[in-house]
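Chains as they are written, first to last, in the numbering used here: chain A, 1 to 421; chain B, 1 to 271; chain C, 1 to 293.
Take the hints with a grain of salt, since some may be wrong.
Quick list of simulated restraints, FRET-style, between CB atoms [said to hold, decoys possible]:
| id | chain 1 | residue 1 | chain 2 | residue 2 | range |
| --- | --- | --- | --- | --- | --- |
| 1 | B | R97 | C | G55 | 25 to 33 Å |
| 2 | B | G177 | C | V26 | 53 to 61 Å |
| 3 | A | S171 | C | T154 | 20 to 28 Å |
| 4 | A | D144 | C | P66 | 31 to 39 Å |
| 5 | C | V273 | A | S346 | 56 to 64 Å |
| 6 | C | P66 | B | Y136 | 43 to 51 Å |
| 7 | C | F53 | A | D144 | 26 to 34 Å |
| 8 | B | Y136 | C | P100 | 45 to 53 Å |
| 9 | C | G55 | A | V188 | 43 to 51 Å |
| 10 | A | D283 | B | F59 | 29 to 37 Å |
Derived by calculation from the structure, the hints in this document are not laboratory data. For every residue, glycine included, the Cβ atom is placed at its ideal position computed from N, Cα and C.
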Amino acid sequence: MSHKQFSRRDVLRFAGAAAVAAPFATGCGAGAPASDAGGAFTVYWNAGHGYQAYQQVIDEFQKAHGVTVNFQKYQWPDLRTRLLADFASGTVPDVVETQGAWVQEFAVSGDALSLQDYVAKDGAAMEFPDDWLPATVARNTYQDRLYGAQMHYTCSLLLYNKEMVGDTPPSTWDELLTAARELTTGDVYGIALNQDSSYAWPWLLQNGVRFYDPSSRRTLVDRDAAVEALQFQADLAHKHKVSPVPVPSTDYAGPQKLLSAKRAAMIITGPWDLKPITESSPDLDLGIAPALRQKEQATISAGASLMVPTKAARPDLSWDFIKRVTALDVERAATREAGMLMPRKSWAGLPEVQADERTKAFADGLPYAVDYLQDLGPTGKSGEIADNLFKQLYQSVVVQNTPVTEALAVFDAAAEQALAG
Amino acid sequence: MGRIARVLVYVTLLAASAVTVLPLLYMVSLSLQTEAESLSASPVLVPRTPVWGNFVELFERAPFADFIVNSAVVAGAITLSHLVFDPLVGYVFAKFRFPFRDTLFVAVIATMAIPFFVKMIPLYVMMSNIGWLNTYQGLITPFLMDAFGIFLMRQFIQPIPDELIHAARVDGASEFGIYWRIVLPQVRPALAVLAVFTFVFQWNEFLWPLVATTTEDMRTIPVGLTLFSQEYFTIWNLTAAGAVLLFLPTALIFLASQKFFVRGITLTGMK
Amino acid sequence: MPKRRHSGLDARYSRTAYLMLLPAIVFFVVFTYLPIGNLLTTSVHSGPQANEFAGLGNYSRAVSDPAVRHAFVITVIFAVATTVGALVLGLGLALLLDRPLRGRVAFRALLLVPYLTSVAIVGLLWRNILDPELGILNRLLDAVGLPEQQWLVTSPLATIIGVMLWQHAGYAMVLFLADLQGIPDVYHEAATIDGAGPVRRFRHVTLPLLAPTTLFVSIISVITGLQAFGQAYIITDGGPAGATDLYVFHVFNVAFEARDFGYSSALSFLLVVVILAATAVQLRYGRRGEVQY
Numbered sequence: 001m002s003h004k005q006f007s008r009r010d011v012l013r014f015a016g017a018a019a020v021a022a023p024f025a026t027g028c029g030a031g032a033p034a035s036d037a038g039g040a041f042t043v044y045w046n047a048g049h050g051y052q053a054y055q056q057v058i059d060e061f062q063k064a065h066g067v068t069v070n071f072q073k074y075q076w077p078d079l080r081t082r083l084l085a086d087f088a089s090g091t092v093p094d095v096v097e098t099q100g101a102w103v104q105e106f107a108v109s110g111d112a113l114s115l116q117d118y119v120a121k122d123g124a125a126m127e128f129p130d131d132w133l134p135a136t137v138a139r140n141t142y143q144d145r146l147y148g149a150q151m152h153y154t155c156s157l158l159l160y161n162k163e164m165v166g167d168t169p170p171s172t173w174d175e176l177l178t179a180a181r182e183l184t185t186g187d188v189y190g191i192a193l194n195q196d197s198s199y200a201w202p203w204l205l206q207n208g209v210r211f212y213d214p215s216s217r218r219t220l221v222d223r224d225a226a227v228e229a230l231q232f233q234a235d236l237a238h239k240h241k242v243s244p245v246p247v248p249s250t251d252y253a254g255p256q257k258l259l260s261a262k263r264a265a266m267i268i269t270g271p272w273d274l275k276p277i278t279e280s281s282p283d284l285d286l287g288i289a290p291a292l293r294q295k296e297q298a299t300i301s302a303g304a305s306l307m308v309p310t311k312a313a314r315p316d317l318s319w320d321f322i323k324r325v326t327a328l329d330v331e332r333a334a335t336r337e338a339g340m341l342m343p344r345k346s347w348a349g350l351p352e353v354q355a356d357e358r359t360k361a362f363a364d365g366l367p368y369a370v371d372y373l374q375d376l377g378p379t380g381k382s383g384e385i386a387d388n389l390f391k392q393l394y395q396s397v398v399v400q401n402t403p404v405t406e407a408l409a410v411f412d413a414a415a416e417q418a419l420a421g
Numbered sequence: 001m002g003r004i005a006r007v008l009v010y011v012t013l014l015a016a017s018a019v020t021v022l023p024l025l026y027m028v029s030l031s032l033q034t035e036a037e038s039l040s041a042s043p044v045l046v047p048r049t050p051v052w053g054n055f056v057e058l059f060e061r062a063p064f065a066d067f068i069v070n071s072a073v074v075a076g077a078i079t080l081s082h083l084v085f086d087p088l089v090g091y092v093f094a095k096f097r098f099p100f101r102d103t104l105f106v107a108v109i110a111t112m113a114i115p116f117f118v119k120m121i122p123l124y125v126m127m128s129n130i131g132w133l134n135t136y137q138g139l140i141t142p143f144l145m146d147a148f149g150i151f152l153m154r155q156f157i158q159p160i161p162d163e164l165i166h167a168a169r170v171d172g173a174s175e176f177g178i179y180w181r182i183v184l185p186q187v188r189p190a191l192a193v194l195a196v197f198t199f200v201f202q203w204n205e206f207l208w209p210l211v212a213t214t215t216e217d218m219r220t221i222p223v224g225l226t227l228f229s230q231e232y233f234t235i236w237n238l239t240a241a242g243a244v245l246l247f248l249p250t251a252l253i254f255l256a257s258q259k260f261f262v263r264g265i266t267l268t269g270m271k
Numbered sequence: 001m002p003k004r005r006h007s008g009l010d011a012r013y014s015r016t017a018y019l020m021l022l023p024a025i026v027f028f029v030v031f032t033y034l035p036i037g038n039l040l041t042t043s044v045h046s047g048p049q050a051n052e053f054a055g056l057g058n059y060s061r062a063v064s065d066p067a068v069r070h071a072f073v074i075t076v077i078f079a080v081a082t083t084v085g086a087l088v089l090g091l092g093l094a095l096l097l098d099r100p101l102r103g104r105v106a107f108r109a110l111l112l113v114p115y116l117t118s119v120a121i122v123g124l125l126w127r128n129i130l131d132p133e134l135g136i137l138n139r140l141l142d143a144v145g146l147p148e149q150q151w152l153v154t155s156p157l158a159t160i161i162g163v164m165l166w167q168h169a170g171y172a173m174v175l176f177l178a179d180l181q182g183i184p185d186v187y188h189e190a191a192t193i194d195g196a197g198p199v200r201r202f203r204h205v206t207l208p209l210l211a212p213t214t215l216f217v218s219i220i221s222v223i224t225g226l227q228a229f230g231q232a233y234i235i236t237d238g239g240p241a242g243a244t245d246l247y248v249f250h251v252f253n254v255a256f257e258a259r260d261f262g263y264s265s266a267l268s269f270l271l272v273v274v275i276l277a278a279t280a281v282q283l284r285y286g287r288r289g290e291v292q293y
């Protein structure tokens, strides 16, 4: 009935279920299975990234290979839920857009196909890895083999209202605090912190903190610097009261809305907030400043990679799809269309990037942006540690104003167990 | 009732109704706002000019007509199936004596304790193995009947006098005939309520259609609505417009069945 | 009733009963008990593919896991509070409506309407409304001169309990109302003649007669409360710092965030056991004082 190969264990495990259910199949008749081994080529995508530029690639791809692309768009958490269900059943999509440290996580678990042989063959033609920012190669590599191709590559910077902040935005923590204090009046906040814990990382990185040190197997090192960076953020909200206390939520848009409404003078965020700002408040005089500098100038990178599941039926086709989507002219089209930032070095030099003040500002941040999950990814535990445990730590400190050392003790106990298990 | 008491009752009921209805009216307001209004940080109560085009945009940006058809087919088929099976099973448990009856009844009722997502992965693997992913039967079969409906119907059928059933047997009616002609007509209001609640629940179901569909044109409305979000923010006006379309049918069906509600819900059955 | 039961007839009725039950038996075996069997098998495994045998390791881990204990406590509070709230609000509204009033049907419909909306929509809507800086609720409070609240920051659990009640109180109300209207007037009249005031009439006549509905509402809301998921999944993401980390949401994250299906299966099974136990206890104590009329 299905064309997929099942492991013997799978068969044993689910034969019972299928055997009992099978009579229904004949009873209900029209049980035509979605033919994923026929002419359909399934791609999972983020719902916010369905650009025309990619639709065009899909059209060409369909023509070239005589397949129908089943382009499935999801929100990130939904995409992950689906994908894990797919891994459990063995019926997998052909290409998946991923975020965070998913590529490394699935490389560790054996669910991602190594693309090493493909880049060995085609790398030169696509100028890989020479034309790609080194971080975009590292974050898709596990044990010296490549498992994913970076598609988007962005970073977070300081966005500010020029009317309020003026033409010289702060460049250090001290300057930021001073400015924020001056700007906080009545209904207006100097800065608005985000409830999402990944937004804590520019501060931590600026203070020289690494999420994970593989040699000592310790998290959040150096500890004193981590404590200081977390405390600084908590103080912005609770001690100096220059930021609203962030609201725990499934939404990231709070600070952006405050900036748009001119109720916050500064926020730290990525280019994804540009569109809503422009649309909701076209009159806002928006400035984009380089990342702050404490011990060093640093910020987080973000972005999306493409990967191929190990059990994908036609990996050659999957690779061809990846090559087409990551081609420079496609990147260029996506930038023109949506202002998206890209991982290629030559992209940064394109005239449309250099000519657009906002795109250029972010492009200039990319070289010093750091993937804060870079060391944690290869442990395969970044889902648990970064998304669950660190979220707790961050909210406990910044939302609830719990003493940092206390919150860290909770984090350490749980993180140790996660890393051991 | 004194005059003052009367006024107090009205004021309380009006306040309570305002609390339940105003948020939904705000949803309607959002559905008629421009993207700028709905994204704005100072919330807009009433849109300057209602943007009916949001509803059109739903159909332009996604196969929304497919979503509606899928939702209707899936929720409709499941509701029908509940109407067929829940009263039948409830009847057997209420009126028949047979070995292991109580054990079986407990085994059925116990399934209420199981949250759906607990079964999700095993069901998904099973559906994948038999090739039913992305099909209507795959979306429908896990919900063909449920313990809650069976329990309710048993409650309603129990008070029907045994004499009625025995008399029919003596007259030579078939067992199914008894069920169809004697039992079912007695519980019609309860069936209406069962139908409304089953439909509402299935119409709003999210997790299973999310994992069990693999093409966009097979999605139901709740899953389809997730398309109206960007990577990091919700396109509020469109999501709200979709939510209004999601809500309308359930509201209409509820209004249409209003008259059954009190009679059909009394748990102690016939009075 | 004619008593001419003999074994042949009994056997025939049994056959008929089983024949009519057959679809249900097949259904529950395939779509509930096989998946549960599968869940139990998975629960003694670990690893991302849930294929390394772990014995009872997941269960012993569950018992000593502080995050699980925390989620469980939160969820019990949530379930108890939403149940008590649904009983009080549902009965209160039903009592208000159980009298000749103009617009009674309309009120009943308006109060039940939130029950017809999906948890996802309710969640998105309230997340939007409750935002302290940007939501409409604080704007309204401000406009009428009341202090603004930090809702999800300062009292997150109470807030999602409120959202749950907003959606579910109407359902309890309808159940109580149906029952109230079924109470024959003679009971109240008799009590009045005996000299009972409204409060005593309520305590000694109405309340005992409502016992079956009360039991039903509390069993259903405890089950719904213990299985609550959407309020955390859509509104709070479990935060701040796990304050709204409802059990099923926690287990969902163990499965789909941390990808530990073995552990999540063990946690799921434990929840099912707890729900069954809670229901059994309620049935046991609730049946006392139940009055049939």
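Here is what the structure says about each hint:
Roughly 44 Å separates the CB atoms of R97(B) and G55(C), a value that falls outside the hinted 25 to 33 Å. For G177(B) and V26(C), the Cβ-Cβ distance of about 24 Å falls outside the hinted range of 53 to 61 Å, so the restraint is violated. Checking the proposed 20 to 28 Å range against S171(A) and T154(C) shows it is violated: the Cβ atoms sit about 35 Å from each other. Against the hinted window of 31 to 39 Å, the Cβ-Cβ separation of D144(A) and P66(C) comes to about 38 Å, which satisfies the hint.
In this structure, V273(C) and S346(A) meet the distance hint of 56 to 64 Å, their C-beta atoms being roughly 60 Å apart. Taking the beta carbon of each, P66(C) and Y136(B) are about 45 Å apart, inside 43 to 51 Å as hinted. The hint said 26 to 34 Å for the Cβ distance between F53(C) and D144(A), and at roughly 31 Å that hint holds. At about 48 Å, the CB distance of Y136(B) to P100(C) agrees with the hint of 45 to 53 Å.
The hint said 43 to 51 Å for the Cβ distance between G55(C) and V188(A), and at roughly 59 Å that hint is violated. At roughly 32 Å, the beta-carbon separation of D283(A) and F59(B) lies within the given 29 to 37 Å, and the hint holds.
In the structure shown, a violation is registered for the earlier hints numbered 1, 2, 3 and 9, in ascending order.
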